[in-house]
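**Student:** Just so you know, the protein sequences line up as chains A and B, in that order.
If you count the first sequence from 1, position 372 lands on 372 in my numbering, and the numbers rise without skipping.
If you count the second sequence from 1, position 261 lands on 261 in my numbering, and the numbers rise without skipping.
Warning: the hint list may mix true and false statements.
Heads up, the list lumps identical chains together, so a pair's fine if it works in one copy or across two of them.
Below, a list of computed lysine to any residue pairs in the SDA-like style, where the Cα atoms sit at most 20 Å apart [to be verified]:
1. Lys251 - Pro43
2. Lys331 - Arg165
3. Lys331 - Val62
4. Lys29 - Glu353
5. Lys92 - Glu127
6. Lys331 - Ile91
7. Lys92 - Ala345
8. Lys331 - Ala88
9. Lys162 - Ser15
10. Lys251 - Arg215
11. Lys293 - Thr325
12. Lys92 - Gly349
13. Lys293 - Arg53
14. Lys251 - Ser161
15. Lys331 - Asp89
16. Lys92 - His348
17. Lys34 - Val156
Treat the hints as calculated values from the structure; they're not laboratory data.
Here's the letter readout for the chains.
Number of protein chains: 2
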Amino acid sequence: MAVNLAAPRAEDLLSVAGVQLGVAMAGVKKAGRKDLLVMRLAPGTALAGVFTRNTFCAAPVVLARKHMKNDVRALVVNTGNANAGTGADGIKRALQVCEALAGHIGCNPEEVLPFSTGVIMEPLPAERIIAALPKALLAKSDWLAAAEAIMTTDTVPKAFSKKVRLSRGAVCVSGIAKGAGMIRPDMATMLGFIATDARLSRAKLQAMLERIAERSFNCISVDGDTSTNDSLILAATGAGASPSTARDALKLEAGITDVARHLAQAIVRDGEGATKFVTVRVERGRSRDECRKVAYAIAHSPLVKTAFFASDPNLGRILAAIGNTGVDLGKLSLYLDEFPVATGAGRHGSYREEQGAAAMRKPEITVRVVLNRGSAEATVWTCDFSYDYVKINAEYRT
Amino acid sequence: MAVNLAAPRAEDLLSVAGVQLGVAMAGVKKAGRKDLLVMRLAPGTALAGVFTRNTFCAAPVVLARKHMKNDVRALVVNTGNANAGTGADGIKRALQVCEALAGHIGCNPEEVLPFSTGVIMEPLPAERIIAALPKALLAKSDWLAAAEAIMTTDTVPKAFSKKVRLSRGAVCVSGIAKGAGMIRPDMATMLGFIATDARLSRAKLQAMLERIAERSFNCISVDGDTSTNDSLILAATGAGASPSTARDALKLEAGITDVARHLAQAIVRDGEGATKFVTVRVERGRSRDECRKVAYAIAHSPLVKTAFFASDPNLGRILAAIGNTGVDLGKLSLYLDEFPVATGAGRHGSYREEQGAAAMRKPEITVRVVLNRGSAEATVWTCDFSYDYVKINAEYRT
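Here chain A stands alone, though its shape is the one from the complex (with noise of 0.2 Å):
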């Protein structure tokens, strides 16, 4: 039961010109879903992309890392099996399908990059994804159909567009993402798409994603563990209008953060058992380190994440949470939405228990934690963590 998030509607996605979709059923894990996505991209494309910092990483990241410096023609995405913790058996499969799409397609495999979510530590079965290759080439560019494809744990399929218009025309930019647990990213979420049809150097393109995921994709955290799989690419097809002003380019950044929020976002609503959206805003902290290790204390305490779930005002934990990273709380103000509920002394004055309840009780709340010991700021979103989390993880492999 995701918190606030709708299924994207189909018409409300833009298709870019220059990305072919495709997807199909390959049954890698269960017959009968989406689990296989190609995504084509016209000769020319730019691309970027972040992965995961995770030193257990997954075959395809370190292929898709690789070909990366390549002129990348499709991307080949299967759910159901990570091809993580595999050997160098992972890697030759995962070669594997490269070959063969590109056999398909007509370019080198070398310009293929794949990418895989599901289980980890078992073989890919390369062969069934090879086999149904063709059908995902047949198919029309879908981007709802192409977050379907993607999804594990995720009941709510995430993809969100927009258009930017630049002097010279306006742009599209469509993305998709997936991902409910393991989600603690530090390049990137567990897998994010984004393209645009708008013109850049692939320099600028991964100079932009690098900034944009450090403001969506690497602010977010359902339950602190980094994925094996993380991967955000950023296509840039060059169809469409390039940025000509120093203005453009910031619009066109700005599409491209909010697209890449929003999807962020949808991650945290769609977080394994979420039933409540908390954003925790830190500000006049020294440096941004200092208020991200302040954020994620509190969005990756249990006892924190627990309280949210009951819809409790327990203060006390947030504050130790806080008090765990060793900052100084001297000069503390903690806020629940606009409420003021203590500082570093103990309970606001004007706190009252109704205050704090009222605020828990939403599906969307803000902890804002005020350091007043400098000018930095950072903003993390989190989920709660309820009985289905437990569930939800202790049933994935039964």
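We have chain A; now place chain B onto it with these hints.
**Tutor:** Coordinates of chain B only, in the frame set by chain A:
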């Protein structure tokens, strides 16, 4: 339902000459339960203590740290209210309790150490505690009753005794502890009190306690949340023998460590919602810090902890948790109990799912990570993450 943990039998607990214990029902939070403990110490007792590093530490911790410098004559411990996040008023109320107890036993208030555990950010009902002091001063020395009087969400009282034979005679070591949630001690656990009749200087005792804490309470985690009230106290009354040789000193330290470790493990066995007791042993790392980082990454991962709960040998989650530390896994070997299950490259050749399933079904599991990068090692004890953890913490204040 604690994991392999029965309540201690009164007859197994040893009196410590120079220590008098008394308990009472002060009605701090609920009526009709033991919630107050007074531990009187004979003149000349040496005392050592380690405390939480949480910067949001409680009023009693502030006072106990300060009063430690004096010749301590009594400890006063209440449960039901942590007196944390209560500012100057909290300090005042804790001092009132010290003053009242000092009046009864004829010492200075600065020779009394106060301790509190329970809900955070509620005013301490000092008057109720003060009213119950005479009752707590009447009672006999009963370590089991003392352990019961400091319980919060604990389901089993935690006490342990040991006799250590030194060259000049035997000494006794008895200790009690409490804690079930908000457990990831940074200096000590929620509350632990150990006493011995051995004779030791205060400086030696403090150094010994710091070493002991590192190998006992500082090696456990239930939920990764460090409490605001963590305190571990070691008292040596000197009524018995003093260690007169280096071998005596080692034997005594080993004996006290044994008591401390038993109590620390009892906290994990009785961890909130725990159904499994898990030993995470990391070997052959570059440093003890590296080994501890890896061990805690496993012990704190909600995905790993829910897999333990489900008896699911989900190796990928363990490897992903290790990978998140950034430590090179190239030469890694992973074992579940005695079975080699994985290497950095993936599944171990000989591993069969039944082996992992058999290991995970047991109530006590050892996860052994051999990094093959150095010669350091570390062990952490933790428990699983169950529906009941969420239930206990979602309903704690309701």
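**Student:** Flag every earlier hint the structure violates by its number, smallest first.
**Tutor:** Per hint list: 1, 2 violated.
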